[in-house]
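Chemist: As a plain string of letters, each chain reads:
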Amino acid sequence: MTTITSSRVLIGMEIHVELATESKMFATAPNAASPKQYDAEPNTLVDPVVMALPGSLPVVNRRAVSMSMRVGLALNCTIANFTKWDRKNYYYPDLPKGYQISQFDKPLCIDGVIEIGEDQKPVKIIRAHLEEDTGKLGHELPGGEHYDGSLVDLNRAGTPLLEIVSAPDLHSAQDAVAYAREIRDICRYLGVTEGIMQKGHMRFEPNINMIITTDEGATHATPIVEIKNLNSFKAIAGAIEYEATRQVEAWLADGKEMGPNAKSTRGWDDDKQMTVMQREKEDAHDYRFFPDPDLVPLTISQEWINEVNETIPELPASRRLRYQSEYKLSLKDAMALTAEPDLCNFFERCVKQSNNGTESAKWLLNAGAKYANENKCEVNNLGITPQQLAGLIQLRQENKVGSSAADKLFGMLCDSDQTSENVAKENNLLQVTDSGAIDSWVTEAIEAQQQAADDVRSGKNAAIGRLVGEVMKRSGGAADAKTVREKLLQQLQG
Amino acid sequence: MNSITTTRKAIQSGETTAKEVTENCFNLISQEPFNAFHEMWNDEKQAYLEGPLSGITVGVKDNIVTKVGTTTCGSKMLDGYRSPFNATVIDRLIASGATLVGKTNCDEFAMGSSTEHCAWGAVQNPWSTDRVPGGSSGGSAAAVAAGLCHVALGSDTGGSIRQPAALCGIVGYKPTYGLVSRYGLVAFASSLDQIGVFSRCVRDAAITTEVIAGFDPNDATSVEEEAPCLVESLDDSIAGIKIGVTRDFLTDRNDPEVNQAIEDAIKVYEQLGATIVDVSLPLTDVGVSTYYVIAPAEASSNLARYDGIRYGHRTDKVGLDLFDLYSHSRAEGFGDEVKRRILLGTYVLSSGYYDAYYNNALKVRRLISEEYASAFEQCDVILGPTTPTPAFKIGAKSNPISMYLCDVYTANTNIAGICGISIPCGFAKNDGKPLPIGMHLQGPAFSDAKLLQIAHAFEQATDFHNQHPEPIS
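From first to last, the protein sequence lines are chains X and Y.
The first sequence: position 220 = 220 (our numbering), numbered continuously.
The second sequence: position 463 = 1463 (our numbering), numbered continuously.
Bear in mind the hints are in silico, worked out from the structure with no lab data behind them.
Among the clues, some could well be false.
[What the hints assert, rightly or not] Result set (DSSO-like, lysine-lysine): computed pairs, CA atoms no more than 27 Å apart in a straight line:
#1 Lys1339/Y - Lys88/X
#2 Lys106/X - Lys1317/Y
#3 Lys88/X - Lys1363/Y
#4 Lys1363/Y - Lys84/X
#5 Lys136/X - Lys1397/Y
#6 Lys1397/Y - Lys1339/Y
[To be verified] Covered by chain Y, according to a simulated footprint, are these stretches of chain X (three or more residues, beta-carbon under 8 Å):
#7 49-60
#8 79-91
#9 270-279
#10 294-301
For each residue, glycine too, the CB sits at the ideal point set by N, CA and C.
So that you can see chain X by itself, here it is in the shape it has in the complex (with noise of 0.2 Å):
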């Protein structure tokens, strides 16, 4: 009896990413997956081509070419400076044409590598191509009835879709959950997507095997199973997790190995957390691909490639790298401030303007993160311009408000659009730090607060609160406490 000493998972994941172009990859009619569209009726997002009509002809967008090299680029790929479309031919009613555009042998990104998590492993990216996705098919009429056939909307076929295709270089679930992450972030900050899983933005499929080894020492590779359009972090983990654990008990009842014509598709059952049997054998189907003769072979000059590369913004990874270097952020904290394009975007702004990564962070993490959670709403979204920030940081540095004025000033400024110091004189925020009058309020507190006073004298410090309290609501807060309690008990215990 074999005893297995040891597995290990391998992962290859394919992920799609719909580019929230204005139009569709191939035609005119807007796109489903621009936000300016998510709301549309079934069936309204149309044109001859994306229908089919007998006449109509393709035409590439080269917006939707733009960002796949914008994409590519940011992951280091190689741009291919001859890239073609080539018709994949199979049958389903929510394939108009008879045929998926896509990229067979020329595609458009090669060759590229990212980094993931905490670590830094790399990981390989094949390919990067471009074509077009598929509508859909339901069976529930509009308001929710369920219609016993097959109902086609059309609103999605002909989106642009990049396909990102890594090498088989992740070795867990968390591995393959922090190359998802890391796809979308990069997918975000490059502005392509606004990465709605539930909206279908990107959908994920992983191809996954394990390599056994023996007590006798031999390996053994599983066949590789693809799993179909997951469409959350959950469901890559929660597959990749069933299947390490499904493939090695079938290897065991089966012994089937990697090989020509083992490789298989299943899909994701999320009520039952596992995963279920699709497909047997992935050349069951003969796509016949050959090139597309509606449309001309695509040549991309470097100077297209120079332009696009101009507009890629500074990437997640290396952000998070550089705030925890410069501004001596957690990595905790310099994961909250990059988990949304916006608010790095926000944060980056409130940096160049207050010149204090620091100082800024901790605003936007704690106050800001406050009134956010108050105000139902995004911290970028509160109304504090980073103009504010920077002022108010400024007064707190240089002393002219107090700790929690400060954090009052915050909230204030969210609804203002006057200055920082503006909103703090007219709100009487600004800290006294004018002796003589510091002086009379400390007198009038001993005063007002004798038992006090004479515990303080009597050298119970714990009493000086009372009179600190007592001396800032006659200066109406204004004071400030450091200094008021120095000269409390300069003058109480000398």
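Fit chain Y to the supplied structure of chain X, relying on the hints for placement.
Modeler: Structure of chain Y alone, referenced to chain X:
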């Protein structure tokens, strides 16, 4: 039927009106016995826009989409299909004032060389009604030959304009690939398809093509250049022009009368001051084989959209699963020739056969282009017969291969993407009835103006184009 120029003069001088000219056409079409037209669009409220083609009547092959009427491609699959948009060529014709008179019959999805494979019946040749008009644009050719309209649009994938033009004794011009937009032409083989014009004289073809040619952003394969001037140079002398003649075209596969007509045509050109140069095109013989790999391959994919889901024929049978819905709808909607080519094309693209067939055909395609390129280093145009024989009898070619060989001289023009024209150059005598013979001129890509100029010079020196079949009563 007068030429465009004569008709336009008559309208401008007030001798007649656009309305009178077109009504006369509709009158003839409504009586025509050839089955040239599938439908006629006699619109009482016709606007007669002012323009270079105002009062000019145009027949439209039934595979070019029009908002008016139906577009059926001669197929049961598209019976009654109405397009929500016009082909680019249709928009341009309308803008130039032309009157579109109706849809002309064609072989189903433009697959055929006789217009017998049409769901709406075979079309007859106006010169001899028991013979075919050629195909696949047989309805358009018959309509112009019979004088039912001034000009007609056709599409040419392997000879579908030039071959019927030859068989019907008229001018049939296939422009260089990319010169005329394919947007709205129902695709058969996208890399070979080209819209072109049937007319009774070269000038009419030039005038009409000037209107329809030019860049179209809706067609990625249309060339981004100014529309060519084709009429301006028609009357220029052809003295010194070099005309290539190849023995590869004048073999015993042709009728002796065809070879004789071509020999005579060569003499005409010599008299016009042209120089005759011997060129060699040995790949002529593999053209048809190459064509019948590439064209069906593209067709098998282009015709996949006719699945009965969104439009077109869907089987009446109920309770079918998806696969059977597809197969019954397509089996019922398509005719035999279309099915034959879909099968052929699917086969040559299949895994394991792709390299042997499709990929090799692409290699031969490149060789054919190179062969033309080196021939055109020695001459301006290449002259030969358009077809090996004059019109054959309806039903005579029951073997598909013998039908395919009708395109032996024309298919390579499309394979190389160059321009070609067929013009009348003689008559054969069959059963006492004259049958037209066509001369084929091919020129390099985008040398269309010169091609038409050389064709026009021959036409001016001869009288073949002035002979017409007996008018319908």
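Chemist: Look at each hint and say if it fits the structure.
Modeler: Going through the hints against the structure:
1. Lys1339/Y - Lys88/X: 20 Å, holds
2. Lys106/X - Lys1317/Y: Roughly 43 Å between the alpha carbons, so the hint for Lys106/X and Lys1317/Y is violated.
3. Lys88/X - Lys1363/Y: At roughly 22 Å apart (the allowed maximum being 27 Å), Lys1363/Y and Lys88/X satisfy the hint.
4. Lys1363/Y - Lys84/X: 18 Å, holds
5. Lys136/X - Lys1397/Y: Given pair Lys136/X, Lys1397/Y is violated - Cα atoms ~46 Å apart, limit 27 Å.
6. Lys1397/Y - Lys1339/Y: At roughly 18 Å apart (the allowed maximum being 27 Å), Lys1339/Y and Lys1397/Y satisfy the hint.
7. 49-60: holds (count 10)
8. 79-91: Holds, because 3 residues of the segment 79-91 of chain X bring their Cβ atoms closer than 8 Å to Cβ atoms of chain Y.
9. 270-279: As far as the segment 270-279 of chain X goes, the hint is violated, because 0 residues have Cβ atoms under 8 Å from chain Y.
10. 294-301: With 3 residues close enough to chain Y, the hint holds.
The structure is inconsistent with the numbered hints 2, 5, 9, although it conforms to all the rest.
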